[in-house]
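2 protein chains.
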Amino acid sequence: MYKFIITLDVTPGARAKILERAPEAQAATRAEPGCIAYDLYACTDNPDRMVFVEAWVDEAAHAFHMEQEHTKRFIAFHEQFHERLVFETINPAD
Amino acid sequence: MYKFIITLDVTPGARAKILERAPEAQAATRAEPGCIAYDLYACTDNPDRMVFVEAWVDEAAHAFHMEQEHTKRFIAFHEQFHERLVFETINPAD
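Protein chains in written order, with the UniProt record's numbering: chain A, 1 to 94; chain B, 1 to 94.
Treat the hints loosely; a few may be bogus.
As the list claims (entries may be wrong) - In silico EDC-like cross-links for lysine to aspartate or glutamate, where the CA-CA straight-line distance does not exceed 20 Å: (1) B:Lys3 - A:Asp9; (2) B:Lys3 - A:Asp94; (3) B:Lys17 - B:Asp45.
Rather than coming from a laboratory, the hints here were simulated on the basis of the structure.
Construct the entire structure; sequences and hints are all you get.
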């Protein structure tokens, strides 16, 4: 499994805009054969912080995901608001 | 650094109760000398899921945290609502 967490700090007010578009991106992503999890979380005490927790069957499945049009569209939308992005791998429990 | 993510599924309606008590627990925890981060996140499309993202200077700092009265109080409160808990270490970016 290939699992990671992306911590994203965005410009003030942008998180709500990103989360508004998230359900469509999540539905398309979760329908990809190699997707195990594609979950978004909102920080409870920092309104400009969110995380993506993603789990893929392997790195190739994630690479495939990055090539999809829906992925490119969602990234193009949210990256305009990025202030800081931290990518960290997770050691899966199972 | 010792960093991990705990994914918590709780009984319906319990997340709000836990988050109501979180600021007090977070203030006490963040004041511990070995605490780097103690952040909570709410899943955006599962109302009964939340994650803790915790970073400590080392495992001893986390062990110290687990011995504090405020920690025991907060855990005793939220563990009554646990339906599933997954603990996974994170490989810190920095």
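Q) Between Lys3 (chain B) and Asp9 (chain A), does the CA-CA distance stay at or below 20 Å? A) At roughly 19 Å apart (the allowed maximum being 20 Å), Asp9 (chain A) and Lys3 (chain B) satisfy the hint.
Q. Holds or violated: are the alpha carbons of Lys3 (chain B) and Asp94 (chain A) at most 20 Å from each other?
A. Cα-Cα ~18 Å, so holds.
Q | Restraint check for Lys17 (chain B) with Asp45 (chain B), where alpha carbons must lie at most 20 Å apart | A | The given pair, whose Cα atoms are some 18 Å apart, holds under the 20 Å limit.
This entry satisfies every hint, going by the numbered hints stated previously.
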